[in-house]
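Novice: For the protein sequence lines, the chains are R and Y, in the order given. Residue numbers for the first sequence follow the working numbering, beginning at 63 and rising by one. Residue numbers for the second sequence follow the working numbering, beginning at 63 and rising by one.
These aren't lab readings, by the way, just hints derived from the structure by calculation. Warning: the hint list may mix true and false statements.
Identical chains blur together in the list; that is why a pair holds if it fits in one copy or across any two.
As the list claims (entries may be wrong) - The list that follows gives simulated cross-link-like pairs (lysine to aspartate or glutamate, EDC-like), each with its CA atoms no further than 16 Å apart: (1) K400 to E355; (2) K237 to E341; (3) K298 to E184; (4) K415 to D297; (5) K400 to D112; (6) K415 to D233; (7) K400 to E189.
There are 2 protein chains.
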Amino acid sequence: MSALPPINDAHRRQLGPIATPDRLLLGPGPSNAHPTVLQALARTPIGHLDPLYVELMGEVQELLRYAWQTDNRLTIPMSGTGSAAMEATLANTIEPGDKVLVAVKGYFGLRLADMAGRYRAEVATIERPWGEAFSLEEIEAALAHHRPAILAMVHAETSTGIRQPMEGIGDLCRKYDCLLLLDTVTSLGAVPLYLDAWKVDLAYSCSQKGLSCPPGLGPFTMGPRAEAKLASRSDKVPNWYLDVSLLNQYWGSDRVYHHTAPVNMNFGMREALRLLAEEGLEAVWDRHRQNAERLWRGLESLGLELHAPEHLRLPTLTTVRIPEGVDGKAFTLHLLNKHGIEVGGGLGALAGKVWRIGLMGYNSRAENVDRLLNLFETELPAFRPASQKQPVAAA
Amino acid sequence: MSALPPINDAHRRQLGPIATPDRLLLGPGPSNAHPTVLQALARTPIGHLDPLYVELMGEVQELLRYAWQTDNRLTIPMSGTGSAAMEATLANTIEPGDKVLVAVKGYFGLRLADMAGRYRAEVATIERPWGEAFSLEEIEAALAHHRPAILAMVHAETSTGIRQPMEGIGDLCRKYDCLLLLDTVTSLGAVPLYLDAWKVDLAYSCSQKGLSCPPGLGPFTMGPRAEAKLASRSDKVPNWYLDVSLLNQYWGSDRVYHHTAPVNMNFGMREALRLLAEEGLEAVWDRHRQNAERLWRGLESLGLELHAPEHLRLPTLTTVRIPEGVDGKAFTLHLLNKHGIEVGGGLGALAGKVWRIGLMGYNSRAENVDRLLNLFETELPAFRPASQKQPVAAA
């Protein structure tokens, strides 16, 4: 090795072993992972074409179908975060010039519109204020007017805490001959979801919320109508990594190498989904609902206002209005640094106006709700302007 | 919850806890991860905007710069596997109609050409047989003829075991005013690499080979000339997830949310890079070289032929010609199922012709070499045709 040029040590840092703290993550995600899932991540990797790994892939697919209540053949975790799975739904189905209608009622609707444009769709949007949902009449009027190839919308808006009622929308999309694409990032494994009954053609989610796995995988599913659109496209999918026609050769029976799968993340996903199936969807959904209601009642009893109307409120993500005069960021930093609890701030139109409290997956437990409520009660008064300090709960 | 439709339990499988075996992965990757890295993966996640996570991001960036021997500001792990990072180098820099010249001498050169075409590049290729490298003269002639905007090539071809000598290629790319894009998937952290000295403008790698981390992250780096090309493009990057202009707002000082980072995988990456810096590049490269030579001498002493000429041979990945009459797949399945050792088969033009043996990162150790050589000595004879069984080592 004597002929080698000298090494530049300018960026060689001598560090101690990693020492991240144990936080309680009650923000918009990531949420804490289940301890069993974390143990699975630390297993020795196996090959992505190992027969035992192939078996595990099948288990993950089946359990994702259960979680989403779909029979879709093409149900796989994308090897990236939820945003990669979001992009996969668009990249595979948009052909240049296709009209894509995005129903925007928060940050992630805007993201869908941005992504769709990059795939050369003609993007149209309808909008609702951040904290409301769409009615069937609004959707039908927009479909009739725009006649899109795809209607994209968000079931659970992480930026607002709003749940979009889905009954009837799938039928409208059949009537107007368009695909229905649904963001279920903050609902999968936590909020009632019936992809097939709702006639959803494309959906995606993430690993780090309802599924209690760390971030890194993006569940993706595509039904027969979306598959047909993919099969009929005249060009290659303009995204190699997320090309489902290639991925299906690996996840399908051919097992053709595409990319080296993130095997350890899939170990975690397999365990997360196994625990979900063990508890059962009814029990999981009910748990999320009960703990959310406990949080809502507690916050209201402290005089705090919730941003989303109760009938549209997500059990997974609660937006709380920051009281007049309170520095919301200072309070969340206090919770993080003094108490090891993460609560989120607002995003986009709600930046500085709300806190976002997540109760997702493993974290949806009464003890976490009570711990947080107790801190709101004891710590928030110090962050209120002097004039409001007495009485705290009189609002 | 009484109003909910019934749950379909058709896909609800009742599984036992995950029980993957401890394999020794001596194929083309993934390779075994360092135990310290695996422990880091199992840590409690923290938020992707947590000040402590932001600090960890800086450590990962600095140590990646050291590993690659570059000062590039834009050095980050993409939140996907090596193939995602490969795609990121092309997606960010190709504008429709740009000419991209790909030097193809194996499977991953073909992949670069496929990907570049999806970004509407005008793709030209030069080719060498699978098991050879390009000369400076060939490269210069192609640059002069094609006048590309980007020359893309593979430093360490995982499909052939060939190391492309890089001295002088960067200067040619400056002379002909094109960017130099380099695949370092099977060299980063294992084979001498000097990105800045070699005047490489864009490079990518993976987490699961030289770095001893499981698959799931794709190190990416972009130098000033490539940054300038990105900055001057007139359209948005046609890939949202891999858009470096957006990612830089998160990895740069603004810390603007882009996607939820795969925090646990980055815990592992941080530890992997810390261990690399602790050992030091010279020692790491030397270890890989010594163990590879031990493997080569051993295989040759068993009468086996190595596919790559020694002066171009990668220390990380050795291609061994499957002896006449041996069912290569049957032998690797035997090693996997009876001895828990994974060795790879051939890919593309070398399918059925070679085995691929990886000695990468944590797995590059003399004990692993000896264990594998011993199995080749004792187990392979049973897979040879009867006429060849005596004497085994006489070839």
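Novice: A separate judgement is required for each hint: does it hold in the structure or not?
Specialist: Okay, the hints, checked on the actual structure:
1. For the identical chains of this complex, K400 and E355 are neighbours neither inside a copy (26 Å) nor across copies (54 Å), given an alpha-carbon limit of 16 Å.
2. In the homo-oligomer, the alpha carbons of K237 and E341 never lie at most 16 Å apart, since the shortest distance is 37 Å inside one protomer and 64 Å across protomers.
3. When the C-alpha separation of K298 and E184 is checked against a cutoff of 16 Å, the pair qualifies only between copies, where the shortest distance is 15 Å, while the shortest distance within a copy is 19 Å.
4. Proximity of K415 to D297 under the C-alpha cut-off of 16 Å is found in neither arrangement, the shortest distances being 45 Å within a copy and 33 Å between copies.
5. In this assembly of identical chains, K400 and D112 lie within 16 Å of each other by CA distance solely across copies; the values are 13 Å between and 46 Å within a copy.
6. For the homomeric pair K415 and D233, neither the shortest alpha-carbon distance inside one copy (36 Å) nor that between copies (54 Å) is at most 16 Å.
7. Taking identical chains as interchangeable, the C-alpha atoms of K400 and E189 are never at most 16 Å apart, the minima being 39 Å within one chain and 61 Å between chains.
In summary, the numbered hints that this structure violates are 1, 2, 4, 6 and 7.
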